[in-house]
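S.K.: For reference, the chains in residue letters:
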Amino acid sequence: MSKTIKLFTVACLVLIIGAFTTPENNLGEGYKIGDIAEDFSLENIDGNMVSLSDYKDAKGFIVTFTCNTCPYAVMYEDRIIALDKKYAPKGYPVIAIMPNNTSIKPGDNMDAMKERAKSKGFTFPYLIDAKQEVFPKFGATKTPHIFVLDKTESGLIVEYIGAIDDNYKDASAVNTKYVENAVDALIEGNEVLQKETKAIGCTIKV
Amino acid sequence: MKLSTIRIVFLVGMLLVFGCLNKKKAQLIDVAEQKTQLEIYDFDGLEPILKKEDNTVYVINFWATWCAPCVKELPYFEDLYASYKHKNVEVILVSLDFPHQYESKLKPFIKEHDLKSKIVVLDDVDSNSWIPRVNKDWSGSIPATIIYNKNKRQFYEQSFTYNELEEALKKFLN
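Residue numbers (full-length UniProt numbering), protein chains in the order written: chain C, 1 to 206; chain S, 1 to 174.
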């Protein structure tokens with residue numbers, strides 16, 4: 001009798017755990033903190049193909065999914081440039097990737113990307129995910145969406161996913177610089193304390 | 001001859017004056033309508049709208065005028081509201097427009113599209129603190145929609161067609 005109850009309890013537990021572990025949607029796919037990021041080869045605005053393995057001396061990367069047409073992305077452009085200027089010399093360059101389908105967003109096509117990079121003076125590669133195969137691997141859902149990677153012997157480890165900071169409107173009113181804190185921690189050999197943040201952004205157009 | 005000329009000039013003059021007055025009046029009404037107060041909240045102010053416990057089914061859509069897929073699906077939310085407002089369904093459109101565009105973009109958009117659903121505006125920069133309070137799985141991309149009543153709630157980080165939206169709503173109607 002008590003065995004039956006035990007079995008019943010176990011069955012219940014299995015059901016309950018199952019119910020709670022079933023993903024509510026498929027949007028949560030892509031890299032999680034601690035995952036190894038795969039390299040890619042994407043076309044840059046200068047016509048060359050760029051891979052992360054090209055950066056022999058890099059200690060890691062600030063991979064930034066961004067675009068021309070999203071107002072949130074545009075509001076962060078200057079801060080993305082500042083990140084690259086500050087952290088590329090320290091071994092963590094910005095790699096910007098434009099993930100949108102350009103037939104839906106012509107304002108994000110290669111010509112427009114070249115123009116935007118030139119007028120803003122981008123100091124980093126601005127790559128196009130033309131086949132839209134890279135952003136799903138990362139699990140990027142919107143622009144801007146940042147992934148800080150750290151180069152280790154076992155590969156490029158995803159150390160931070162999320163927003164650049166906590167105030168999209170006003171760079172001077174920012175309280176917490178999430179990406180800077182993450183990269184600073186990596187440079188100092190410390191653990192990244194705030195590994196994930198959420199921010200509003202424009203859905204990547206597929 | 002002279003009298004009739006004066007008369008005509010007078011008439012034309014009156015027409016012009018009245019025309020101008022009318023136009024001015026119309027402009028005044030325009031301005032009055034545009035000045036219609038937006039309901040603007042930070043997240044603490046918005047949250048009660050997401051947690052009502054009455055007998056209504058709430059369809060809450062997070063959108064912005066700068067978000068093309070949001071604008072595309074907005075008419076479906078309007079249609080849904082028109083079809084179901086008499087069945088205890090309320091549609092609330094939560095705008096995430098930027099404060100500097102409330103006057104230049106949001107108000108003209110609301111007017112131009114003659115939006116009938118309830119519109120509230122969320123102005124809260126600390127999105128990392130409030131996005132998980134809307135739903136723990138929300139990455140922050142819009143459009144995003146919540147349908148809830150006092151018994152259950154579903155979150156959708158996706159765009160809808162009218163049929164998809166109606167199907168989603170029907171799960172909450174008995």
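Be a bit skeptical, because a hint or two may be false.
Unchecked claim - Using C-beta positions, here's what the derived DEER-type ranges look like: (1) C/Ile36 <-> S/Glu164: 32 to 40 Å; (2) C/Asp111 <-> S/Lys87: 47 to 55 Å; (3) S/Glu166 <-> C/Gly47: 34 to 42 Å; (4) S/Lys136 <-> C/Lys131: 37 to 45 Å; (5) S/Glu164 <-> C/Gly155: 33 to 41 Å.
Think of the hints as simulated: they come from the structure by calculation, not from any bench. Just so we're clear, the structure is a prediction, and the values are computed from it rather than from any experiment. Don't be surprised by glycine CBs; every beta carbon is placed ideally from N, CA and C.
S.K.: A separate judgement is required for each hint: does it hold in the structure or not?
M.R.: Do the hints match the structure? See the list:
In this structure the supplied range 32 to 40 Å holds for C/Ile36 paired with S/Glu164, their Cβ-Cβ distance being about 36 Å. As the Cβ distance of C/Asp111 to S/Lys87 is approximately 50 Å, the hint placing it in 47 to 55 Å holds. S/Glu166 and C/Gly47 have their C-beta atoms about 48 Å apart, which leaves the hinted 34 to 42 Å range violated. For S/Lys136 and C/Lys131, the Cβ-Cβ distance of about 31 Å falls outside the hinted range of 37 to 45 Å, so the restraint is violated.
Our hint of 33 to 41 Å for S/Glu164 and C/Gly155 holds, since their Cβ atoms are close to 39 Å apart.
Checked against the numbered hints above, the structure violates hints 3, 4; every other hint is satisfied.
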